[in-house]
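Given chain A, work out where chain B should sit, using these hints.
Top to bottom, those sequences are chains A and B. Mapping of the first sequence onto the working numbering: position 15 corresponds to residue 15, and the numbering continues sequentially without gaps. Mapping of the second sequence onto the working numbering: position 61 corresponds to residue 138, and the numbering continues sequentially without gaps.
Just to be clear, a hint being listed does not mean it is correct.
Footprint (simulated), chain A over chain B, 3 or more residues, beta carbon under 8 Å [said to hold, decoys possible]: (1) 261 to 275; (2) 374 to 381; (3) 396 to 405.
Since the hints were made in silico from the structure, they are not lab data. Built from N, CA and C at the ideal position, the CB exists for glycine as well.
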Amino acid sequence: MAQLSLIAAAAIVIVLMEVPYLRKNSSQKDLWVFYLMLGIGVAINGAQGLQIQLPNPAEWMEAVFNPLSSLVFRLLQ
Amino acid sequence: MLKDVKLSARQLMILVLIVTIGDSILILPSLTTAEAKQDAWIASIFSLLVGVLVVGLLHVTSRLYPNLTFVEFSEKILGKWLGIVISLLFVSYPFFSATAHLREIGDFMTTQIMPETPIESIHIVFLLVVLMAVRLGLEPIARTAEAFFPWLTILFLFLVVFIVPQAKLENLQPLFGEGTKAMLRGSLTFIAFPFMELVVFLMLIPFVNEQNKVLHSLLWGSVIGGLVLILITTLSILVLGSELTNRTFYPSYELAKKIHVGDFLERIESLLTGIWLITIFFKITVYFFSAVLGLAQILRLTSLRPLILPLGLILIPMSLIISPNIVYFNHVVAKIWPFYDFTYSVILPLLLIATAYIRRQVSQPKH
Numbered sequence: 001m002a003q004l005s006l007i008a009a010a011a012i013v014i015v016l017m018e019v020p021y022l023r024k025n026s027s028q029k030d031l032w033v034f035y036l037m038l039g040i041g042v043a044i045n046g047a048q049g050l051q052i053q054l055p056n057p058a059e060w061m062e063a064v065f066n067p068l069s070s071l072v073f074r075l076l077q
Numbered sequence: 078m079l080k081d082v083k084l085s086a087r088q089l090m091i092l093v094l095i096v097t098i099g100d101s102i103l104i105l106p107s108l109t110t111a112e113a114k115q116d117a118w119i120a121s122i123f124s125l126l127v128g129v130l131v132v133g134l135l136h137v138t139s140r141l142y143p144n145l146t147f148v149e150f151s152e153k154i155l156g157k158w159l160g161i162v163i164s165l166l167f168v169s170y171p172f173f174s175a176t177a178h179l180r181e182i183g184d185f186m187t188t189q190i191m192p193e194t195p196i197e198s199i200h201i202v203f204l205l206v207v208l209m210a211v212r213l214g215l216e217p218i219a220r221t222a223e224a225f226f227p228w229l230t231i232l233f234l235f236l237v238v239f240i241v242p243q244a245k246l247e248n249l250q251p252l253f254g255e256g257t258k259a260m261l262r263g264s265l266t267f268i269a270f271p272f273m274e275l276v277v278f279l280m281l282i283p284f285v286n287e288q289n290k291v292l293h294s295l296l297w298g299s300v301i302g303g304l305v306l307i308l309i310t311t312l313s314i315l316v317l318g319s320e321l322t323n324r325t326f327y328p329s330y331e332l333a334k335k336i337h338v339g340d341f342l343e344r345i346e347s348l349l350t351g352i353w354l355i356t357i358f359f360k361i362t363v364y365f366f367s368a369v370l371g372l373a374q375i376l377r378l379t380s381l382r383p384l385i386l387p388l389g390l391i392l393i394p395m396s397l398i399i400s401p402n403i404v405y406f407n408h409v410v411a412k413i414w415p416f417y418d419f420t421y422s423v424i425l426p427l428l429l430i431a432t433a434y435i436r437r438q439v440s441q442p443k444h
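Only chain A is shown next, with the shape it has when bound in the complex (with noise of 0.2 Å):
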């Protein structure tokens, strides 16, 4: 519960601190893109403050990458 808190007060300082700049010097568009971003971030730290298994961009890298890198360290053994 601590962690979600520290989440929420973290987006209110964020908020504050931009949204009223972007309004006087930014378009419509940024706006839009801060809020979405801005939601995207509470919903991945409130997933991991809720401990709820998120994909790991590792284990991608991981996918994609290990048939070459499996080869190129064999052809060097």
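Positioned in the frame of chain A, the structure of chain B alone reads:
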């Protein structure tokens, strides 16, 4: 966006130098020594030669459109949609790399210096400084690099001068004892981490105001950085021996621990830790900046501000997810990551150069 930002050739050189050293100074000696044993220093010299070729390739790529970043010219060369796909892949690369580098700092601090501190808090504090730098922009980052450069040099010279007396030449024997294949295996990581990872500079080169000096800066930056890494790898083997270099995960920190000057100057390793804290800070900053800039250009935003803090918020949990345990992470770093770097820094630029060449050949007869 960022039209008025200008880097000098000297600033580019210092940034390239610091990013070349980056996290490599901390983890590379151990990775290369794991494969090449006491011949790692030969593998590192060979890697520098190959690394120069890679840097040359990156320079050729940047000359396709000297005033455009990678994201902009890949859309020009490959057309809108394919260009966007490639650009998104390219932007994910510095983002994931920054994640991994942040994790390396977290692992280093929690295993060596602050074992009681939760790793998240180290990541958050370190990333806050990075976010601050990226919010300030490219010019302040470059000027900070310039300001830190003398300190970096002093700390590094201090480390080298006071550790050299403990070098034992017999640690290098037997010369060529492991054979060529072991050396090639060892040089895979040594080519990839310092030199191939410079590919992110394709996002920054357009901001240099003296475009004719770009090659000069890239080459000198990467060669001096490479020499620093060769020196630290060789010293690790000379002082610690190949066995210990390979088994301790942070040989350069181990070197710093061994420094005793007389009987009064001891335990200065946390001071010398400043070397890699500074270089990794700049590496993460440059990477994160490139990711933010690239994504902003893909989305056609008017500024970088909307992306910086939210992406930072995403980076924190990613840095925890990317390494479920240190054994798996080391396996990915040693065996998989060099090929990930290779795809982005060799295959992708070659693909772009070839496509641009064919397009020019095809479109010439019409005009």
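Against the structure, the hints come out as follows:
Counting residues of the segment 261 to 275 of chain B whose CB lies closer than 8 Å to any CB of chain A gives 3, which reaches the minimum of 3, so the coverage claim holds. Requiring three or more residues with a Cβ within less than 8 Å of a Cβ of chain A, the coverage given for the segment 374 to 381 of chain B holds, as 5 such residues are present. Against chain A, the segment 396 to 405 of chain B contributes 6 residues with a C-beta closer than 8 Å to a partner C-beta. That satisfies the three-residue criterion, and the hint holds.
When the structure is compared with the earlier hints, no violation turns up for any of them.
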